[in-house]
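Participant: Fit chain B to the supplied structure of chain D, relying on the hints for placement.
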Amino acid sequence: MSKQRVMVVGGGLAGLAATMKLAELGVNVDLMSLTPVKRSHSVCAQGGINSCNDQTRLLGDTEWKHLDDTVYGGDFLQHQPPAKEMAYWGPKVIDLMDRLGVTFNRTEEGFMDRRRFGGTLYKRTAFAGATTGQQLLYALDEQVRRWEAAGKVTKYEHWDFLAPILDDQGVCKGVVAQDLVSMEIRSFPADAVIVATGGCGLIFGRSTMSMACTGSAASRCYQAGAKYGNAEFIQVHPTAVPGADKLRLMSESARGEGGRVWVPRKPQDPRSPHEIPAEERYYFLEERYPTYGNLVPRDIATREIFDICVNEGLSVEANKPCVYLDLTHISRAELDRKLGGILAIYEKFQGVDPREQPMKIFPAVHYSMGGLWANYEKSEDGGMVAGSPINQQTSLPGLYAIGECDYHYHGANRLGANSLLSCIFTGLFCAPGVANLLESQEKVAAEYPGQLFDGARSDHQSRQDELLKRPAGKENAYQLHQELGEVMTKAATVVRRNDQLSDAIDKVDELHKRSQHCSLSDTGQWTNQNVTFTKSLLDMFPLAKTLLKGAFQRDECRGAHYKPDFAMPGLEGKTSADRIKEAELWCDRFEENTKKWLKSSVATWNEAKSEADIEYEDVDTSLVPPRPRLYGLVGAEEIEQVWSQRAAAKQEAVPGKANLST
Amino acid sequence: MSNHSSTTKRKTFAVRVLRKDSPESESYWERHDVEYEPDMNIISVLQKIASKGESSSGKKIAPVAWDCNCLEEVCGACTMVVNGKTRQACSSLIDRLLEESPSEIVLSPMSKFPVVRDLVVDRKRIFHNLKKVKAWVPVDTYSDMGPGPKQSRQQQEEAYPLSECMSCGCCLEACPQYLKIEVTRKNGETDEAFEQRQKEAYDKGFIGANTISQVVLFNNNPTGQMNAKERTDAIMQEGGIQICGNAQNCVAVCPKEIPLTTSIAKAGRAATIRGLQRIFDK
Chain D
0 MSKQRVMVVG
10 GGLAGLAATM
20 KLAELGVNVD
30 LMSLTPVKRS
40 HSVCAQGGIN
50 SCNDQTRLLG
60 DTEWKHLDDT
70 VYGGDFLQHQ
80 PPAKEMAYWG
90 PKVIDLMDRL
100 GVTFNRTEEG
110 FMDRRRFGGT
120 LYKRTAFAGA
130 TTGQQLLYAL
140 DEQVRRWEAA
150 GKVTKYEHWD
160 FLAPILDDQG
170 VCKGVVAQDL
180 VSMEIRSFPA
190 DAVIVATGGC
200 GLIFGRSTMS
210 MACTGSAASR
220 CYQAGAKYGN
230 AEFIQVHPTA
240 VPGADKLRLM
250 SESARGEGGR
260 VWVPRKPQDP
270 RSPHEIPAEE
280 RYYFLEERYP
290 TYGNLVPRDI
300 ATREIFDICV
310 NEGLSVEANK
320 PCVYLDLTHI
330 SRAELDRKLG
340 GILAIYEKFQ
350 GVDPREQPMK
360 IFPAVHYSMG
370 GLWANYEKSE
380 DGGMVAGSPI
390 NQQTSLPGLY
400 AIGECDYHYH
410 GANRLGANSL
420 LSCIFTGLFC
430 APGVANLLES
440 QEKVAAEYPG
450 QLFDGARSDH
460 QSRQDELLKR
470 PAGKENAYQL
480 HQELGEVMTK
490 AATVVRRNDQ
500 LSDAIDKVDE
510 LHKRSQHCSL
520 SDTGQWTNQN
530 VTFTKSLLDM
540 FPLAKTLLKG
550 AFQRDECRGA
560 HYKPDFAMPG
570 LEGKTSADRI
580 KEAELWCDRF
590 EENTKKWLKS
600 SVATWNEAKS
610 EADIEYEDVD
620 TSLVPPRPRL
630 YGLVGAEEIE
640 QVWSQRAAAK
650 QEAVPGKANL
660 ST
Chain B
0 MSNHSSTTKR
10 KTFAVRVLRK
20 DSPESESYWE
30 RHDVEYEPDM
40 NIISVLQKIA
50 SKGESSSGKK
60 IAPVAWDCNC
70 LEEVCGACTM
80 VVNGKTRQAC
90 SSLIDRLLEE
100 SPSEIVLSPM
110 SKFPVVRDLV
120 VDRKRIFHNL
130 KKVKAWVPVD
140 TYSDMGPGPK
150 QSRQQQEEAY
160 PLSECMSCGC
170 CLEACPQYLK
180 IEVTRKNGET
190 DEAFEQRQKE
200 AYDKGFIGAN
210 TISQVVLFNN
220 NPTGQMNAKE
230 RTDAIMQEGG
240 IQICGNAQNC
250 VAVCPKEIPL
260 TTSIAKAGRA
270 ATIRGLQRIF
280 DK
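In order, the protein sequence lines correspond to chains D and B. Residue numbers for the first sequence follow numbering that gives the first Met the number 0, beginning at 0 and rising by one. Residue numbers for the second sequence follow numbering that gives the first Met the number 0, beginning at 0 and rising by one.
Chain D extracted, bound-state conformation (with noise of 0.2 Å):
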């Protein structure tokens, strides 16, 4: 493997854990980031990360069961084998980064404390104060510098990915880059590619995404012939903090710890709240799902609180909705120990300390659940093939997808705190599987005919040429960013209607067409911001595109993706046999759906007609049997009782069959 090189574009969490288990194996990496990779996104991940311990075996809990909750949540979208394995990785995962030096709180006796997330009755979540992805990416990225001080690793930061190289067979054999500082075009042979570059929130504008997540790099790779999974799935975080550049973010921890959701039962009552008295206050999380209360998924928590300020008017702020997160019943100093973090950039950025005050909050675009599609071996087990050189393989040979840029893991909702653990799990896991096909190889990529890296570079050269000539005075790059995304935050978040959908595709479609004609500010060739981001807006279309139409084609509910037209509604029956007989056409329903829509949307970009084209693929549910997601649903009783029948029914028909769960 001496002179083969595995190329990782992205240095968060999953790149940088990909680089390190490579470097480990012998492999020589390099690493390109936008950023230094200390300042990847992964840093404004906040609460924690998931995985079966000791604390919850105690009260029963097992990999298994985090396997369960994370199908449930996702609505049963994903595939169950990648799902199973990085269940069983969280304890291990978690163990490693302990060895890392990062600092998990700790409880009394010293033990790494934990904490409880959304979706789960469980306290999985392991976290470092409030500012978890930070503290695990610091750990990752000492990791890496140990290597590249050792010379495995070099490092090209402040570098933009422009699009894989493909061989005349489709193999992936490098990529092009571009130094954001000199402006240089380079090609670089890889004898494998790992793409690990994040969300793609920028799409919707402001999010609780960092600037470097535009989606682009994710969006060259389609472009180049890649598949695209789930694009219409996307997580709407309950809460969030408004701002004019940005979307900050308040981790779900806050709620973890006690923090309780409200809104005055009067209107825009103008007393402060701390004179709001408990029985004028609305609960309305934990009096709708009593047994979750604060802490449901985060699809539901959103919807709860969209619905709240937009069709009962209670939003705490006449013209600007928004609902109280109140933690100004814990007292200060655990405050301080467990959340400091997040009540730092609230106090920062809104002035107000919200250990007196309760935080005003509201949901924004946060994760991508879709991304590159992405293959896996299964195991006889129902896992996945360790060192299997197709775990994580995009529909191209030799490049790979991993973190929160694959589609895997998350379905139709991610649970809060899985996804530091699917970023790190799939850069841990997938190392052995791409070493294992460079033992494979036969010619090192660096020996292939300079003509496809140097073909490959100049088509980049002359793009960059030809949006540099562009005459001014035309379209405006971040104009037309900002017009995106209002038209994908109206059409495409918390709640999705046909009508609004099918104009979106129009509009975008239109600003599509208007970005072709973008011209520059900036015509310069050194640290040229201008042309980078206008590149990227470019590449923002083909994924924006494939979400709508995702979006539009799924008639149905499905975690995230919310279509009231298509809503199953709870049960109405006064009587208990009534509501059986209701449960019964429900599960009838139910089952329908899920034979047409427990599918996939896979995409491929088609450039000729500047679309998507969509085909959907059955999900591997062959370890959880997909059930009703019954968080809070009126009649959930009997439904539950009716679908128990058919699965036990179902169960007796097919006998010898193994309960994997036992």
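None of these hints come from the bench; they were simulated from the model. Here a beta-carbon is modelled for each residue, glycine too, at the ideal position from N, C-alpha and C. Hints may contain errors.
Cross-link-like lysine-lysine pairs, in silico, BS3-like; alpha carbons within 25 Å at most [stated by the list, open to error]:
#, chain 1, residue 1, chain 2, residue 2
1, D, K468, B, K58
2, D, K347, B, K59
3, D, K598, D, K226
4, D, K151, B, K59
5, D, K91, D, K64
6, B, K47, D, K319
7, D, K151, B, K47
8, B, K59, B, K47
9, B, K47, D, K512
10, B, K47, D, K468
What follows is a set of in silico ranges between Cβ atoms, one per label pair, in the way DEER data are often shown [as the list claims (entries may be wrong)]:
#, chain 1, residue 1, chain 2, residue 2, range
11, D, E485, B, K84, 54 to 64 Å
12, B, K84, D, L120, 21 to 31 Å
13, D, D502, B, R95, 52 to 62 Å
A few chain B positions that, by computed beta-carbon distances, are all more than 10 Å from chain D [stated by the list, open to error]:
#, residue
14, K10
15, E29
16, S43
17, N68
18, V119
19, L129
20, E156
21, A227
22, D232
Facilitator: Relative to chain D, chain B alone:
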């Protein structure tokens, strides 16, 4: 609630930016009149300037170049000098700044790092120094070996603030002993040769408070302390802890309020002990 009645009536405010087109070119000031909106920060001001594409005199201009990423003061990218004080652009709120200085807001790049363009500076030296002191836990393997050593709550509470350092450079900008090192590429010099010369130059300069604090973090980690000597040796070389003049500016400007001077004192004691040890080891 914060109430900025004095500023809410404003229509526009002035922003002066110290620009520089490239490392070789001269710096120049440029003035912008920016439309006031509530809840603005320096990032949204720079975004507006980029979107508008002209200065206050109506001249067409290239957008100001600046670094940023997270916009919530955890990534460390957007450090610059705002109204004479080094800080993160994202958490520099316009209402607050206009209270400090109602006539104008002044933006300039950090002075202790080479300017790449406008407000973008080259902070490679920070990361080079982290390498120099081996700021990591040298584990044997990334394979599953069970959990790390048990740690008390007190140990965690001492380590956590130090591990929040985001390598933003504020402490270095404020330090009188930390001086700018700018190496210019010679004609025809290869990347490798240039980088080598850069590293040699960095090694002669002061390592700075942030690096010293990282040494304390890793030397107190139960596994990291096994090679504490190596790290302490690294901060006793040329440009090491002895350069610190105890001005205490670092701790005053740190956006994360990291107890940098406490770290320097701890590292100083360790260095003294190590110095004596070296004499007896001879």
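Participant: What are the numbers of the hints the structure violates, in ascending order?
Facilitator: 2, 4, 7, 11, 12, 13, 16, 17, 18, 19 and 20
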